[in-house]
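Novice: Chain residues, written in single-letter form:
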Amino acid sequence: MSLLEVRQVSKSFGSLAAVRDVSIAVEKGELRAVIGPNGAGKTTFFNLISGFFPPTAGSIVFDGVDITSTPVHRRVLLGMARTFQITEIFPELSVAENVRISAEVAAGYRLRPWLGRAEAAALRARVDEVLGLTGLAAKADRLVGELAHGDQRAAEIAMALALKPRLLLLDEPTAGMGDQETYEITQLVRRLHRNGNLTIVLIEHDMRVVFHLADRITVLDQGRLLAEGNPREIAANKAVQAAYLGKVA
Amino acid sequence: MTQLLLFNITNGLIIGAFYVLMALGLSLILNLSGIINFAHGGFLAIGGYFAFTLTPYIGFWGALLVAPLLTAVLGLAIERVLIRRLYGRDPLYSLLLTFGLAFIFQDVTRFIWGAQGLPVSVPAFMGQPLSLDFFFITGYRLFMVSVVAVAVTLLFVLLRYTRVGIRIRAGTLDLDTVAALGINVRALRTLNFAVGIFLAGLSGVLAGGQLGLEPTMGDGLLMPSFIAIIVGGVGSLTGTLLGGLLIGVASGVTSVFFPSASEAVMYVMMAAVLLVRPRGLFGEEGMMT
Amino acid sequence: MSVASLPAARRVARRPLALALVWLVLLAAPYWMPFLGGYTALGTRVLVLGLAAMSLNFLLGFTGVLSFGHAAYFGLGAYGAGLALKFLTASTPLALILGTLVGGIAGALLGALIVRRRGVYFAMVTIAFGQVFYYIAFRWSSVTGGDDGLRGFSRQPLHLGAVTVDILGNAEAFYYFVLVCFAIAVALMAFLLRSPFGRTLLAIRENERRARFLGIPVELHIWLAFVISCVFISLAGGLDALLNNFANPHELHYSQSGDLVIMAVMGGMRSFWGPLLGAALFVVLQDYVSSLTTNWMSFIGLLFVVVVLLFPRGLLGFLQRGSDK
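Residue numbers (the working numbering), protein chains in the order written: chain F, 12 to 260; chain X, 13 to 301; chain A, 2 to 326.
Hints should not be assumed to be uniformly reliable.
[What the hints assert, rightly or not] If the Cβ cut is set under 8 Å, some of the chain A residues that face chain F in the computed set are:
no.: 1; residue: Phe-192
no.: 2; residue: Ser-196
no.: 3; residue: Pro-197
no.: 4; residue: Phe-198
no.: 5; residue: Arg-200
no.: 6; residue: Thr-201
no.: 7; residue: Leu-203
no.: 8; residue: Glu-207
no.: 9; residue: Arg-213
no.: 10; residue: Phe-214
no.: 11; residue: Leu-215
[Claimed, not checked] Ranges of calculated distance between the beta carbons of each label pair, as one might list FRET restraints:
no.: 12; chain 1: F; residue 1: Leu-122; chain 2: A; residue 2: Leu-20; range: 24 to 34 Å
no.: 13; chain 1: A; residue 1: Leu-114; chain 2: F; residue 2: Ser-23; range: 29 to 39 Å
no.: 14; chain 1: A; residue 1: Leu-310; chain 2: X; residue 2: Ala-199; range: 13 to 23 Å
[Claimed, not checked] Residues on chain F that point at chain A, a partial pick, calculated with CB under 8 Å:
no.: 15; residue: Phe-101
no.: 16; residue: Tyr-120
no.: 17; residue: Arg-121
no.: 18; residue: Leu-122
no.: 19; residue: Pro-124
no.: 20; residue: Trp-125
To be clear, the hints were calculated from the coordinates, so they are not data collected in a lab. Every residue gets a Cβ at the ideal spot worked out from N, C-alpha and C, and that includes glycine.
My request is simple: use the sequences and hints to build the entire structure.
Specialist: What follows is the structure, encoded as structure tokens:
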């Protein structure tokens, strides 16, 4: 059974059909890239999977459970974490605090008025672990709002990691980054994938990143599923090339 | 009994028309700029007082036109100097600003014109009731409703058919895109604000003729305006229009059966709307929420 | 608010020295106030309004929710406590608890109605609902005394076993009674804000979308914060009624809500003690200005304008920024 099954999902906004009848199945432990020209519906697709809004048609099944009408926060608690194209973090809090909140919710402490000493220690350890994994240990006490773009993105990924997700959705993790930062984020994602028992789906525009990381690639074009396969297959796929070339003004 | 009901429905519509005029101005400003203008009642009072001061020189009809214009100019000045600085910020600050302005207005009007109520004279023919059966329908009330009807029609025409109006409506939906199209958003907001204040000033002139003038006269109208907007739906002027009429009528009808509850019924309606259809009767999901 | 415009906003560290200083000042107030032209009841008033402003700030500054109708719950606490003393009990603490219950329950019910709204719409609705209670306080004059307010009750001396504390006749005794209540309330608030639950509120303030995508059920948590702040503010209201032996309908008007908000903003929304400082400043200013001129309303209005335009981070925010350079 696949970890994530998206079955014939469509989403329309009024007369605008952003996603049309798309189906994918992501296996546990896979790293899937979703690519496509601008306007292909990739972020809308992510929004559907993460529960930002409901699909107009179709269903979404996560680890065998139909989550089509499950609200956002419940999906997160079921093991789905997400990052955004425009980094969504808590700007006026420190990196450690950002991650800590994440870890606390994941541990089920969100309504707790206090924490026992052992629990607090365990939490601290978890936060340190995540910070170590994402290379942010040195910047733990800096305010996230003041960090460089790449570090903010890493912080967001750290927050997602602290949730102990089974599925990680990364929306253009290297958007707006220079070569060095792109490299670092790519290495981070690869590390997380290899070490972490994590299934990752990412949207990317940077083809170097895609071909470097992906086990399988899904190509969307104008809301529809255009092609799917391993990197070699997709690189050789004429229709995919046409879709991208056709968009060049 | 039916006559009594009809009487009260009509009375309610008249009151409602008045709420509409006030609420529309408030709604305009809220929709485009995201600002709750607490000072709206203050502008209303100032409009009335301007009319009072001007009438000896330019007569009732002159004052009817000029006083709201003057009030709008005042509004324009305040928008440019004060309110404009707060657009990018947390809505909290614009709330506090208009709050403070409301205090200042009330005090200043009291300072200039005195705390006592001032009588306002209207043309003689308006003071007469039009019929003995419907004695509450004085010529003045009918006049008021006509003015409101004209103003509202002109407003909707402005918004539907003029370039400025279309820009305002577009701005309500997506101000960023409007700005990206090269339209001067700041001027648009200023103009929109001025129109809203014009309506407030006009309300004040009309209210003065009906209730007399006093510095706190705007207060009692602010809440019904809020409720009209909430009931009708935030973001929709049509909603505000209908909301105002609805609460006016509800208030009027309730005064037949439970006279002391006629004010309360507005709040009950608001609670009901929030429970059943939180976005209001004509509101769009996602407007202001 | 863009990050670029924020100074490095360090949260006021739990500097034990600063904290000790605050409590020292509060404990000694009846003794140093007369030297500055003050009097004990004024200090009590500052405590009461400070608690009210801090309760409001639990919602405003720490959860990021724009509630502008909180004076209504203050008033409910006042009338609740007053009516309890008048008709139900001679025990002052019990009356306080009853007043707090009234405000808390009202907050729970109304909060549930409005918790899905945000921003200015939320503010509008809180104001409108607040006005309902104002209106009831005025109209239901057989119970509430209408425009004249609720009278005919007074705080009763506390019988604590062997000792009787005369909080009725002795202004200092009452001040310390209020201080004890204040201390308990404030300690609870601080406790909650530093808990995992409190951190979820900060998260909601900082970025609601991110909070939701971390698994926080945002509406539920906002409702809880709303109820908590209503409970504390109605406690403040009850204390206010005890202070004056009188419950005033005008204290439910939305202009009073605005006053509470400006106190929080003026002192510093992001800081725990800011609202207390703001309340002190506001009360003193209002007292002073109204003794000088009948146009004190203009000055209060001007204060709003000046704070908003020049000191949006409040006094403590302003000072913090200075210390970070």
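Novice: Take the hints in turn and mark each one as holding or not.
Specialist: Quick rundown of the hints versus the structure:
About 7 Å separates the beta-carbon of A:Phe-192 from the nearest beta-carbon of chain F, less than 8 Å, and the hint is met. Contact between A:Ser-196 and chain F, as hinted, is supported at the beta carbon level, the nearest pair being about 5 Å apart and thus within 8 Å. Taking 8 Å as the C-beta contact cut-off toward chain F, the hint placing A:Pro-197 at the interface holds, the least distance being around 4 Å. Contact between A:Phe-198 and chain F, as hinted, is supported at the beta carbon level, the nearest pair being about 5 Å apart and thus within 8 Å.
The beta carbon of A:Arg-200 is positioned within 8 Å of a beta carbon in chain F (closest approach about 5 Å), and the interface hint is therefore held. Taken as an interface hint, A:Thr-201 checks out: its beta carbon lies about 5 Å from the nearest beta carbon of chain F, inside 8 Å. Checking A:Leu-203 against chain F by beta carbon gives a least distance of about 7 Å; that is within 8 Å, so the hint holds. Hint on A:Glu-207 holds. Least Cβ distance to chain F is approximately 4 Å, under the 8 Å limit.
For A:Arg-213, the interface hint holds, since its Cβ comes within 8 Å of a Cβ in chain F; the closest pair sits about 5 Å apart. Taken as an interface hint, A:Phe-214 checks out: its beta carbon lies about 6 Å from the nearest beta carbon of chain F, inside 8 Å. Among the interface hints, the one on A:Leu-215 holds; its C-beta lies about 5 Å from the nearest C-beta in chain F, closer than the 8 Å criterion. For the hinted restraint 24 to 34 Å between F:Leu-122 and A:Leu-20, the CB-CB distance of approximately 27 Å keeps it satisfied.
The hint said 29 to 39 Å for the Cβ distance between A:Leu-114 and F:Ser-23, and at roughly 32 Å that hint holds. Checking the proposed 13 to 23 Å range against A:Leu-310 and X:Ala-199 shows it holds: the Cβ atoms sit about 22 Å from each other. Interface hint status for F:Phe-101: upheld, as the beta-carbon distance to the closest one in chain A is roughly 4 Å, under 8 Å. For F:Tyr-120, the interface hint holds, since its Cβ comes within 8 Å of a Cβ in chain A; the closest pair sits about 4 Å apart.
Checking F:Arg-121 against chain A: minimum C-beta separation of about 5 Å stays under 8 Å; hint holds. Interface hint at F:Leu-122: satisfied, since its Cβ lies 5 Å from the closest Cβ of chain A, which is below the 8 Å cut-off. For F:Pro-124, the shortest C-beta to C-beta distance to chain A is roughly 5 Å, which falls under 8 Å, so the interface hint holds. Checking F:Trp-125 against chain A: minimum C-beta separation of about 5 Å stays under 8 Å; hint holds.
Of the numbered hints listed earlier, not one is contradicted by the structure.
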